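Engineer: Can you build the whole structure from these sequences, using the hints too?
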Amino acid sequence: MQRKSGKGGYKVRAFDLDVKSVDDAGQFSGYGSVFGVVDSYKEIVAPGAFSNSLDALKKSGRALPILWQHDSYTPIGSWAGLKEDDKGLYGDGDLWIDEAPNARIAYRGMKAKAITGLSIGYYVLSSDYNEKTGIRTLNEVDLAEISIVTNPANANARIDAVKSIIAHGGLPSLPEFERFLREAGFSKSMAAVIANRGLKHLLQSESGDVANDVNRLLDGLKSLTFKE
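Counting from 1, position 57 in the sequence shown corresponds to residue 57 in the UniProt record's numbering; the numbering is continuous, with no gaps.
Worth flagging that the hints you see were computed from the coordinates, not collected in a lab.
Between beta-carbon pairs, the in silico distance windows are:
#1 S51 x D92: 16 to 22 angstroms
#2 I135 x D23: 36 to 42 angstroms
#3 A114 x P175: 32 to 38 angstroms
#4 D128 x E84: 16 to 22 angstroms
#5 D23 x K83: 18 to 24 angstroms
#6 E99 x N52: 28 to 34 angstroms
#7 Y129 x A192: 22 to 28 angstroms
The list that follows gives simulated cross-link-like pairs (lysine-lysine, BS3-like), each with its CA atoms no further than 25 angstroms apart:
#8 K42 x K188
#9 K59 x K83
#10 K113 x K87
#11 K87 x K58
#12 K59 x K87
#13 K87 x K42
#14 K111 x K87
#15 K58 x K83
#16 K42 x K132
For clarity, every value in this text was computed on a predicted model and none was experimentally measured.
C-beta: ideal position from N, C-alpha, C; glycine also.
Structural biologist: Written out as structure tokens, the structure reads:
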């Protein structure tokens, strides 16, 4: 049985960096998303999911930004020639290595294979949920940006991804937040305690700025738990 859903909130999806070598000018090519792969959230991107968004982007004449760690105030380059092929979402990236300091960090890290992640920011416009498999297929998404992240499996990168969702006007649900904590390295019991005593309390509070309260909770987790 399948169930369709309408437009969802802003989401991020991290991948291991799948690019060809970066040249001396900071230009590279690679995939920002791969079709048919079930991720840790049990979601699949279907072929054609980016088609309408890419058409709209082309008509607008606007280039999609490359952001550093999902920070909308830190663009480090732009994407050109984004297209879908049989494998996924493919594009040519141009890092602004002469103008943006973080672009130079990304460039050196990619050359050294020390920076290993791409993460796309998007809105879900249409999806199907298979109740038998528990897998959601994303049929249409509105692509907002593609970030270079230091390591998509790193706990701090996951926190920054959740903060990006909040910055775009969304809030994680309790199950989403608990799942994020599990993937960040917390035990099942500890994740449940933090989600229920932390996020649940904030969502039920009468504070006029829940988003800032949740951001402070995330910053606390980062500074106390994931300090290197």
